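This is what each chain is made of:
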Amino acid sequence: MEEKKKVRQLNPLKFRAAIFDNMLSEDVGYSNYSYWRSTLRTFFKNKAVLALVVLIVLIILMGFIYPIVSSEDPNKASLLPLTWNQRPSWEHWFGTDTLGRDIWTRAWYGVRNSFLLAFCIALSDVGIGMIVGAIWGYNKKLDPIMIEIYNVITNVPSTVYLVLLAYIMNTSYLTLFISMASRGWIVEARFFRNRILSIRDSEYNVASRCLGTPMRRIATKNIIPQIISLIIMEAALCIPYSIGNEVFLGFVGVGLPVEAITLGNIVNQGRASFTLHPYQMLLPTIILCIITVAFYVIGNKFADASDPRNHI
Amino acid sequence: MGKYILKRTVNSLITVIIVFIVVFMLLRLMPLSGYFPQEVLKETDEATRMSYLRNQGLLDHPLVQLWRFVKNLFHGDLGRSLTVYPQVPITTLLAEKIPVTAAFGFSSMVLGIILGLSLGLLMVRFKDKWGDRLGTGYILAVRAIPNLIYLFFIQVWISKWFGLPMVFYEDQPSSWILPVICLSLSSIAWYALWLRRFMVDEENRDYVKFALVKGLPKKEVWKKHIFKNAIIPLVVYLPSDLLNIIAGSLVIESLYAIPGTGGLLTTAIKSQDNNLVQVIVLMYAVTSVVGVFLGDLLVAAVDPRIKLTEEG
Amino acid sequence: MENNGHTGPLIFSAKDVEIKFNLRGRTLTAVRGASLDLYQGETLAIVGESGCGKSVFTKSFIGMLDKNGSITGGQIIYRDQELTKFSTEKEWLTVRGKKIAMVFQDPMTSLNPVRTVGEQIAEVITWHFGTAHAKAKEEAIELLRRVGIQDAEARYKQYPHQFSGGMRQRVVIATAIACRPEILICDEPTTALDVTVQAQILELIRQLQRELKMTVIYITHDLGVVANVADWVAVMYAGQIVEYGTVREIFRGAAHPYTRALLHSMPQLGVKGHDLYSIKGTPPSLYKEIRGDAFAPRNPEAMEIDFEEEPPMFKVSDTHWAKTWLLHPYAKEYREQLESRTRQQHESRKPTPPFNYDCAEKLLQVKDLTVKFKIGSKEFKAVDNVSFDIYRGETLSLVGESGSGKTTIGRAIMRIYNKVDGSIIFKGEPITGKLPRGEAKRLRLEMQMIFQDPMASLNDRAKVDYIISEGLYNYHLFDNEADRLRKVEEIMGEVGLSSEFSSRFPHEFSGGQRQRIGIARSLIMDPDFVVADEPISALDVSIRAQVINLLNKLKRERNLTYLFIAHDLSVVRFISDRIAVINKGRLVELAGCDELFSHPLHPYTKALLSAVPYPDPDVERGKKLLTYDPSIHDYSVDKPSWSEICPGHFILGNQRELDGYLREIESCS
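From first to last, the protein sequence lines stand for chains A, B and C.
Numbering of the first sequence is given in the numbering used here, commencing with residue 325 and proceeding in unit increments.
Numbering of the second sequence is given in the numbering used here, commencing with residue 531 and proceeding in unit increments.
Numbering of the third sequence is given in the numbering used here, commencing with residue -5 and proceeding in unit increments.
The hints are simulated quantities; they were obtained by calculation from the structure and are not laboratory data.
This structure is a prediction, so every number in the text was calculated from the model and none was measured.
Backbone N, C-alpha and C define an ideal beta-carbon position, used for all residues, glycine too.
Mixed in with the good hints there might be a few duds.
Every beta carbon over 10 Å from chain C, so not counted as near; a handful from chain B, in silico [as the list claims (entries may be wrong)]: (1) R663; (2) A671; (3) F740; (4) N759; (5) D833.
Straight-line C-alpha distance at most 27 Å; calculated DSSO-like pairs for lysine-lysine [stated by the list, open to error]: (6) K758/B / K84/C; (7) K457/C / K739/B; (8) K338/A / K457/C; (9) K61/C / K344/C; (10) K464/A / K457/C; (11) K61/C / K748/B; (12) K545/A / K547/C; (13) K748/B / K344/C.
Chain C regions said to be covered by chain B (calculated; three or more residues, Cβ under 8 Å) [to be verified]: (14) 91 to 98; (15) 102 to 108; (16) 112 to 121; (17) 167 to 178.
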């Protein structure tokens, strides 16, 4: 360690007390930060995600707008065999099916119905699951009962469970909803219970209790902001799951009645004539896959983006 | 350890009993017409149907039926099939079908573990590079797209490209290939996903850094520390994988006309064979409960940390 | 090169090392030209606040920088090898772990939980020397014995979770010395351990160093530890070594303002009743280019030149170097000015008279408090039959090691646990069990708590404004919005935070600032009594002083009463009037602060006091370590009781022990 050579001439006048700026030393090293802004920025930074969000919004909007503006009847079967099984054309963009019904029209009705069903299921799964999970997390006494309910429901493989329930009840939108929703809530409840348990015992929550914060405000200020991103993620992931189950139940033969226009039914009907007329299945399947994949990706990417460690 | 096993056994037994009662009672809730397929309903009159039901003992109080079922169960009698194979004892049917399903399930489980772990390792090895992207894409496809859709395309297209049989023939070994692969697809995604996640988690732990500081080469650390530790929590997922495979077998066995229990359940549902449905569902439930139980024991066996704490 | 005061030959030298990290597109210069020499058999301590680059610097000696970091300048030379030229893992492995070994801070996480400790030691030997497995096992058992683990053969086959924290650190050390390394780097080796265990581990390292003729580098922020172990001290700030010298030179005649500030902010050196010297602000962000002396913005005595030119290393003596303009001939006048000013300040400081208990009123009484917890089906007593009083206006400290039940007592008083046995009386009214609503509300207003971890105790999704006013909202303690804002602004001013911070989120603040937010949140309720649960143990040394001063200031201004929970006796001496020592859920001794330090009676208190590091090398080296062995108490027939042995001095013991303690007091006086 040698004394360095002074390169420049130093000014002796500079060797006196400088003015001490108190604020300079207290300066916070960070910029203005907001959790949600950072989450959204991180989320949309990925251009593929942005594209998927736009695409999915367009598809869903189309599903809701098309049935209103179009005069085409999706169930209008044709008696003329000539109009059956037509390939895609200007007149019928996705072609017609074995009964001469316009697949383009049916597809949008299907998007609307399937999405609504899946959305309701997601809403009820996550909604009920969150409320039950919160109660469960706050009451240790519920543990034995809830765990037993969880075991009973989840120990039956999901497909077997759905088939069984759909089989017992006559199939309709409502019963399909009931059979799926009756299973999903407990899975979500357990998920939220674990999260809430860790938040419940966190130090800032204890601090709030010491300050006498009422339960209501603890829920709205301490708990919900922490789990809202999980709620969104779980709801998004519920949608592909519900749509997949609908397709599955249709396949097993306990799905919705044939008159119901859902993506599941369209795909299952198209499957029967796939070897001869592949487009009847392919085109609606593509829409269905875009929806499920988009929600899956959005759910997962959102979970990543909502983790503060990934924030810029 | 003994106390722990005993406690878990009792717990599992309780779960099985509850599942059993719930399933049994649910099936009794079905309208009586549910015992007859549409054609039979049309052809017969009310009186014959009632006398048939009375003969079968289906009009007795559900609890009486439950008691009878339990009593017969201990004599190795599970009742008789109603419609699929009329009056054939279900035990005979199952004795024929279970080995097939078990063989398929077992081989795809092994395949799933091997390929899944390999894919997971590939993803970690080439993290954030091509291997990771490949794996992520695969996992996304399998988890987001409804399984029925890709299974169907595999059956139609892949079989054609590779000249593999589209359905299962008992005497043709090559007809095993596609169903086994299909059955293991979701397991592969499952294992790859979790192995990657656990290994990435373990990689950042202090003990890994310490192992490297000790002067062990990276390869050694990956093998002896990271991989070994990441595998342990994966064991917990083995039973869920079993559930997955059971769930998948429902679809795959009927797609490939495999004479197993999954296909049988689908057929039984389509022809509304109540007795058969009930037994198969129960069988699946018991298998899952036992699977979860074995999984817990396995974890306790491989993880030294669990042995000391007797509480589950 | 001459051997400036060094005893062994030079074996390692780092010259002008610069280390950069790439983090999300931004470059962080963690080490900015640091140099260091190591001589055989000596101990060097590197001291500095967290984030000053000391860990990164030493990690570069064994090529263990994270993937996004690299050495961008300078040289590291070990023996005749230039380590900076190493490019392959194979080259590094000839040195890493074999010649230069490292011990990490947290023994709880340093060992692989699913492999036996023996395997983890043996694998190092097998790998480096190709020893056969059976031979390696033998050696590993020998190593375990050597680091003081009893019954080593049986312990070899056990898993880390079967060892206590101190024992695990012994295993970690055994692993590190398995190859007889020449250099052992200990990165905060005792920070996660209790004081008594810390003293034992330091002793063990010292003993091994002698036996193996190792050179040891300690990385630490605890100057007490430095005084205990080091021959040489290097002070690091903002990625540079700013001062280097023998341990006595540093402790007696520090030249760099930062070193002096660090030493002055030690509570051991403070005068009771006066503010501790505290360093303002936080270390600079190393993302930005630093101009001049990095410490200048935090140094109230900085010179103008400090903001403009970076100072070179000046030589103080043959063995002492410092990087500050104060040593430049031009600064002679200013330096003398400063020195006389500090001398005056020191002389004018007289300790305040001790708290007067004669006319004091009991604010809180704890009688036979017992708290039980259930772990599975087993029940254990976290707090066992504890009684004490707190007088209005005093600070009572509750000191104990981790798991002693001290936090549980605090939380029981705050009614966080509803099920407790015994009674707690606050202002003459019992406060245990169910209380009427109004009563519970009143208590919340009069009793508040400050938490340990400033990171975990603030809700990170809420703005500071909400966090501070949470209590106001709960009890509508404001007339209108303007009044609330005024109150928030007022309290923020009191804790030294600018009111413009109120719209920010907790993330944006440093640990010390967050702790001040936590204090503001509690004090806006205007309580009489505050439970401070280890409020400074998660903070850096320099920031501790800020918070201690703040707590003391608020106590004076608002006439508060504190129950101060801590594990660090040195801090406690500075701020408390009385101290209660707790061990395994039972109070063992309670006395006035000076009384306890000068005449400790209970063997546990004595052991605890002897283990506390004191920031003075001569004191540290002369001290004798006492160990506490609970088996000396024979409570089989004669049960112990909590008794007042002389006025104000309580102790736990049975009749025979009490007689002994009494004799001890008499012989002293």
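Notebook entry, point to check: If you check each hint against the structure, which ones fail?
Noted result: The structure breaks hints 3, 4, 5, 7, 8, 9, 10, 12, 13; every other hint is satisfied.
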